[in-house]
Amino acid sequence: MSLLAVTLTEGAVTLALAMATVALFLAFYRLVRGPSLPDRVVAMDLIGTLAVGIIAAYDIASDQPVLLDAATVVALVAFLGTVAFARYVERRGRSE
Amino acid sequence: MSEILCSALLVSGGLFMLLAGVGVARMPDMFMRMQAATKAATLGVGCMLLAVAIHFGELGVATRAILVTAFVFLTAPVAAHVIARAAYSVGVPLWQGTLCDELREDRRRARSADDHNMPEGNIPEAQEPDGSTSESDAKTT
Chain R
10 MSLLAVTLTE GAVTLALAMA TVALFLAFYR LVRGPSLPDR VVAMDLIGTL AVGIIAAYDI
70 ASDQPVLLDA ATVVALVAFL GTVAFARYVE RRGRSE
Chain F
454 MSEILCSALL VSGGLFMLLA GVGVARMPDM FMRMQAATKA ATLGVGCMLL AVAIHFGELG
514 VATRAILVTA FVFLTAPVAA HVIARAAYSV GVPLWQGTLC DELREDRRRA RSADDHNMPE
574 GNIPEAQEPD GSTSESDAKT T
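From first to last, the protein sequence lines are chains R and F. If you read the first sequence in the working numbering, its first letter stands for residue 10, the second for the next number, and so on. If you read the second sequence in the working numbering, its first letter stands for residue 454, the second for the next number, and so on.
Derived by calculation from the structure, the hints in this document are not laboratory data. Treat the hints with caution; some may be incorrect.
[Unchecked claim] Derived DEER-like restraints, expressed as beta-carbon distance ranges:
(1) F:M454 <-> R:L76: 20 to 26 Å
(2) F:R557 <-> R:L76: 43 to 49 Å
(3) R:A70 <-> F:G550: 17 to 23 Å
(4) R:L76 <-> F:D568: 38 to 44 Å
(5) F:M485 <-> R:A93: 21 to 27 Å
(6) R:T30 <-> F:C553: 34 to 40 Å
(7) F:R560 <-> R:V31: 17 to 23 Å
(8) R:S71 <-> F:C553: 35 to 41 Å
[As the list claims (entries may be wrong)] Counterexamples of contact, computed for chain F against chain R with all Cβ distances above 10 Å:
(9) R486
(10) R538
(11) C553
[What the hints assert, rightly or not] Covered stretches of chain R (in silico footprint by chain F; criterion: 3 or more residues with CB under 8 Å from a CB of chain F, positions within the stretch not fixed):
(12) 20 to 28
(13) 31 to 40
(14) 52 to 64
(15) 76 to 83
Cβ coordinates follow ideal geometry from the N, Cα and C atoms, glycine included.
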């Protein structure tokens, strides 16, 4: 039972990491392709949020709860970066 | 039991993240892409951090996981609002099938009330109390 439970968690972690990686590639596609600058900012924000989720999943995979601090820092930097980019877009104005 | 709950939370979190990625890649409009990314990815991250809190089962780890969850849940709507307002004011095009754009009507009404506070500017006065108040403000100044 214990062995089965361990493999269940391992499989769930692998599946979650695979899906988050596919989402990361899709967000990167939008980052490269995005027709306007706000599209790229949204893709960047999504990449930051996905990085927090991937760190959480890897946290379980490697039994290292210390990595949650890294997740905190990544979430903080993603939020501040999005707000700064939004200010920049708004100040740059209607040039595009 | 906790392993089953943790695995279910992990898989559902990954599913919501995948949904966010598909929405960002496939939606036709910047604002639709933004709402797909914000809501689905926030829910996915919340599920995954809850799975971390259940998997370790310690007070310190659970506190930090819930702290990160609360931070993401608080900041994601703020970031989405800021970037959406910036995009709208810059003039990012909406989808061709957009039926209703209330913000444009609102801004045009405010601009017309600002520009000419003549009697022909009081068209919105008959429609909404909001327009009439801005009209009266423009008249007093």
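Structure-based check of each hint:
1. Distance hint for M454 of chain F and L76 of chain R: a CB-CB separation of about 25 Å, consistent with the stated range 20 to 26 Å.
2. Between R557 of chain F and L76 of chain R, the C-beta spacing of about 45 Å keeps the proposed range 43 to 49 Å intact.
3. In this structure the supplied range 17 to 23 Å is violated for A70 of chain R paired with G550 of chain F, their Cβ-Cβ distance being about 43 Å.
4. In this structure, L76 of chain R and D568 of chain F break the distance hint of 38 to 44 Å, their C-beta atoms being roughly 57 Å apart.
5. Between M485 of chain F and A93 of chain R the beta carbons are some 24 Å apart, a value that agrees with the proposed interval 21 to 27 Å.
6. The supplied range of 34 to 40 Å is met by T30 of chain R and C553 of chain F, whose beta-carbon atoms lie about 37 Å from each other.
7. The hinted window of 17 to 23 Å between R560 of chain F and V31 of chain R is violated, with their beta carbons roughly 39 Å apart.
8. Between S71 of chain R and C553 of chain F the C-beta distance comes to about 49 Å, which lies outside the given range of 35 to 41 Å.
9. At the 10 Å boundary, the C-beta of R486 of chain F falls inside the reach of chain R, the nearest C-beta of that chain being 6 Å off.
10. The beta carbon of R538 of chain F sits about 7 Å from the closest Cβ of chain R, which is not more than 10 Å, so the claim that it is off the interface is violated.
11. For C553 of chain F, the requirement that its beta carbon stay farther than 10 Å from each beta carbon of chain R is met, with the minimum near 21 Å.
12. Counting residues of the region 20 to 28 of chain R whose CB lies closer than 8 Å to any CB of chain F gives 8, so the stated coverage by that chain holds, three being the minimum.
13. Residues of the region 31 to 40 of chain R lying with their CB closer than 8 Å to a CB of chain F number 8, which satisfies the three-residue condition for coverage.
14. Counting residues of the region 52 to 64 of chain R whose CB lies closer than 8 Å to any CB of chain F gives 7, which reaches the minimum of 3, so the coverage claim holds.
15. Beta-carbon proximity to chain F at under 8 Å applies to 4 residues in the region 76 to 83 of chain R; the threshold of 3 is reached and the given coverage holds.
Violation of the numbered hints given earlier is confined to hints 3, 4, 7, 8, 9 and 10; the remaining hints are satisfied by the structure.
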